[in-house]
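Number of protein chains: 2
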Amino acid sequence: MPYLIQQRFKVFMKKYVVGVDVGGTNIKLGLVHPRGVVIARSHFPTKPFSSSKKKLIGVLAHEIEKIITSQGLKDKDIAGVGVGVPGLVDFDKGVVRFLPNIPGWKNVPLKAILEKKLKLPVYVDNDVKLITLAEWKFGAGCGVKNLICLTLGTGVGSGLILDNRLYRGSANAAGELGHMPLNEKGPACNCGGFGCFEKYVGNQSLFALADQVMKKSDMTTQKMFALANAGNLKALQFWREAATHMGNGLVGVVNLLNPQLIVIGGGVSNNEKYLFPTIKEVIKKRSMSLQGSMVKIKRAKFGDDAGIIGAQVLVDNA
Amino acid sequence: MPYLIQQRFKVFMKKYVVGVDVGGTNIKLGLVHPRGVVIARSHFPTKPFSSSKKKLIGVLAHEIEKIITSQGLKDKDIAGVGVGVPGLVDFDKGVVRFLPNIPGWKNVPLKAILEKKLKLPVYVDNDVKLITLAEWKFGAGCGVKNLICLTLGTGVGSGLILDNRLYRGSANAAGELGHMPLNEKGPACNCGGFGCFEKYVGNQSLFALADQVMKKSDMTTQKMFALANAGNLKALQFWREAATHMGNGLVGVVNLLNPQLIVIGGGVSNNEKYLFPTIKEVIKKRSMSLQGSMVKIKRAKFGDDAGIIGAQVLVDNA
Chain A
18 MPYLIQQRFK
28 VFMKKYVVGV
38 DVGGTNIKLG
48 LVHPRGVVIA
58 RSHFPTKPFS
68 SSKKKLIGVL
78 AHEIEKIITS
88 QGLKDKDIAG
98 VGVGVPGLVD
108 FDKGVVRFLP
118 NIPGWKNVPL
128 KAILEKKLKL
138 PVYVDNDVKL
148 ITLAEWKFGA
158 GCGVKNLICL
168 TLGTGVGSGL
178 ILDNRLYRGS
188 ANAAGELGHM
198 PLNEKGPACN
208 CGGFGCFEKY
218 VGNQSLFALA
228 DQVMKKSDMT
238 TQKMFALANA
248 GNLKALQFWR
258 EAATHMGNGL
268 VGVVNLLNPQ
278 LIVIGGGVSN
288 NEKYLFPTIK
298 EVIKKRSMSL
308 QGSMVKIKRA
318 KFGDDAGIIG
328 AQVLVDNA
Chain B
18 MPYLIQQRFK
28 VFMKKYVVGV
38 DVGGTNIKLG
48 LVHPRGVVIA
58 RSHFPTKPFS
68 SSKKKLIGVL
78 AHEIEKIITS
88 QGLKDKDIAG
98 VGVGVPGLVD
108 FDKGVVRFLP
118 NIPGWKNVPL
128 KAILEKKLKL
138 PVYVDNDVKL
148 ITLAEWKFGA
158 GCGVKNLICL
168 TLGTGVGSGL
178 ILDNRLYRGS
188 ANAAGELGHM
198 PLNEKGPACN
208 CGGFGCFEKY
218 VGNQSLFALA
228 DQVMKKSDMT
238 TQKMFALANA
248 GNLKALQFWR
258 EAATHMGNGL
268 VGVVNLLNPQ
278 LIVIGGGVSN
288 NEKYLFPTIK
298 EVIKKRSMSL
308 QGSMVKIKRA
318 KFGDDAGIIG
328 AQVLVDNA
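From first to last, the protein sequence lines are chains A and B.
The first sequence begins at 18 in this note's numbering and counts up by one.
The second sequence begins at 18 in this note's numbering and counts up by one.
Be a bit skeptical, because a hint or two may be false.
Which copy is meant is left open, because identical chains are indistinguishable; a pair holds if it fits in one copy or across any two.
[Stated by the list, open to error] With a cut-off of at most 20 Å between alpha-carbon atoms, the simulated DMTMM-like pairs for lysine to aspartate or glutamate come out as follows:
| id | residue 1 | residue 2 |
| --- | --- | --- |
| 1 | K154 | D321 |
| 2 | K71 | E132 |
| 3 | K202 | E258 |
| 4 | K162 | D109 |
| 5 | K313 | D94 |
| 6 | K302 | E258 |
| 7 | K83 | D235 |
| 8 | K162 | D180 |
| 9 | K240 | D107 |
| 10 | K70 | E201 |
| 11 | K297 | D228 |
| 12 | K240 | E82 |
| 13 | K302 | D228 |
| 14 | K64 | E201 |
| 15 | K313 | D228 |
| 16 | K71 | E82 |
Think of the hints as simulated: they come from the structure by calculation, not from any bench.
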């Protein structure tokens, strides 16, 4: 079929995408419908293969083939495979540059290896970029021209949709909102910086703050959420402090990028009721009036599926 | 002539642009060659017309016509007029929303008024965006895909070229790098925020810091530059402190936007030798390694002409 006609009928041809979300603990796979619905899922643990990239990639290729055939589909029904990894990726070359939490992954030409094995187009990108694509195309930021997708967790990352496109930066390394300094003389961060946003709102820092506030040594954000629900004043104050840092960190990007929307995802964003009102209040109060008044804050729509759904957008836009 | 052929021969047709740079003190005009060279200049003071926008726009239209005829040109030789103003502009509509330093300019449809008077296409934009376009097309950032153009002065602003285009944001208000917080609990800023970048590196703050360091009450950056040149240790320390704040403020955008280049302009950037080495050192030390190692810092090429030359790019890209 001629290329242009093929493009035109892509949706009607119902070409599926296999999405792969590589994590330090598990590797999740999903077969994604062109409209962003996951119709089949599978997963396998990362750890048993941590000593051998080759074995891991072999098993991954096998699992990709398995999920396709499990639905009675053939290669011709598959538009491509999208893989999200937690680290630096040379997107154009499909090379994984470095994964901080999965040892031994340095300069791995994952796209080339998988394409050779699968005989399907493969695209590899950073996982936060895939989450951002999912939220922008099918989720909380559907149809928004300029948005920031913030992911809160152990690491704090973000993806930027600017002028209706994923902005990658000069080495596909844009979006490190977690490493914008919030205080020049703040605590040292692993990245080499000081007072980074992540040092205030990353999980490790929130756990430490919770310990300090509650004078204990085993606090988590889940426990603080439960305590806040029970009306504990210290826990409420904890969330207010955490949300104030979040708001302060976002003021900078609101003024710099003038987005319409900030989508907030990641585990801690489940505590929406203790975070979002304060975040909104801080942005409203501290941002410039035009930028602050027009930006909306929404919770991410997709949870664990976000990376897999984003793979569909990645392949579709390629 | 058919449109496509017209586009192709645009350069050979040598269509000039009239660039207008509206400032609180003077309004500068220039006739700009398609290759970004200013071939004629004029200016008139802003203040005498501060009570009447109508009179000011009338004189401006007259001066635009005068600069065209002064070179023996006719309207058909002019591709358009580009006007840069120091404030908020609705670019699509050509409406000046608000100019903090020129009283009474609120929601002025400057494009429509000038087009009616001149019978030429007119484009109106924020002045820092025009400076950014000039540096990107003909200046220090010529041909760079992702760059930040920082302007240091009483106000601290920036323009963002992302993926080879001027990024405007959702209300043409992107680029307020001067209002990214550098310290959550820093001094209150006029914008409503706290600890904004501008509160550390804007001229008023630098003058105050200079007074404090020198224990005087009339210091300026020019005086501090002369003192540093004479080997005054306090002045050298002053520049080091100023440059450290500048570097710290840029670390955030380097990590967030992963640019190849930061162009620094504005009066204080003349003191390059006391600023740039420290700025580079701070970025190298505090940014993430990939982003920090690839970003270059350059001084802006154009001084007072930047806005006028940028008008050429604005009209040409329209």
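Going down the list of hints, with the structure as the test:
{"no.": "1", "hint": "K154 with D321", "verdict": "within (16 Å within a copy, 44 Å between copies)"}
{"no.": "2", "hint": "K71 with E132", "verdict": "within (14 Å within a copy, 66 Å between copies)"}
{"no.": "3", "hint": "K202 with E258", "verdict": "both (19 Å within a copy, 13 Å between copies)"}
{"no.": "4", "hint": "K162 with D109", "verdict": "between (24 Å within a copy, 15 Å between copies)"}
{"no.": "5", "hint": "K313 with D94", "verdict": "neither (38 Å within a copy, 46 Å between copies)"}
{"no.": "6", "hint": "K302 with E258", "verdict": "within (16 Å within a copy, 29 Å between copies)"}
{"no.": "7", "hint": "K83 with D235", "verdict": "neither (41 Å within a copy, 76 Å between copies)"}
{"no.": "8", "hint": "K162 with D180", "verdict": "both (5 Å within a copy, 15 Å between copies)"}
{"no.": "9", "hint": "K240 with D107", "verdict": "neither (39 Å within a copy, 48 Å between copies)"}
{"no.": "10", "hint": "K70 with E201", "verdict": "neither (40 Å within a copy, 43 Å between copies)"}
{"no.": "11", "hint": "K297 with D228", "verdict": "neither (26 Å within a copy, 38 Å between copies)"}
{"no.": "12", "hint": "K240 with E82", "verdict": "neither (41 Å within a copy, 71 Å between copies)"}
{"no.": "13", "hint": "K302 with D228", "verdict": "neither (29 Å within a copy, 31 Å between copies)"}
{"no.": "14", "hint": "K64 with E201", "verdict": "neither (38 Å within a copy, 40 Å between copies)"}
{"no.": "15", "hint": "K313 with D228", "verdict": "neither (32 Å within a copy, 42 Å between copies)"}
{"no.": "16", "hint": "K71 with E82", "verdict": "within (17 Å within a copy, 71 Å between copies)"}
Violation of the numbered hints given earlier is confined to hints 5, 7, 9, 10, 11, 12, 13, 14 and 15; the remaining hints are satisfied by the structure.
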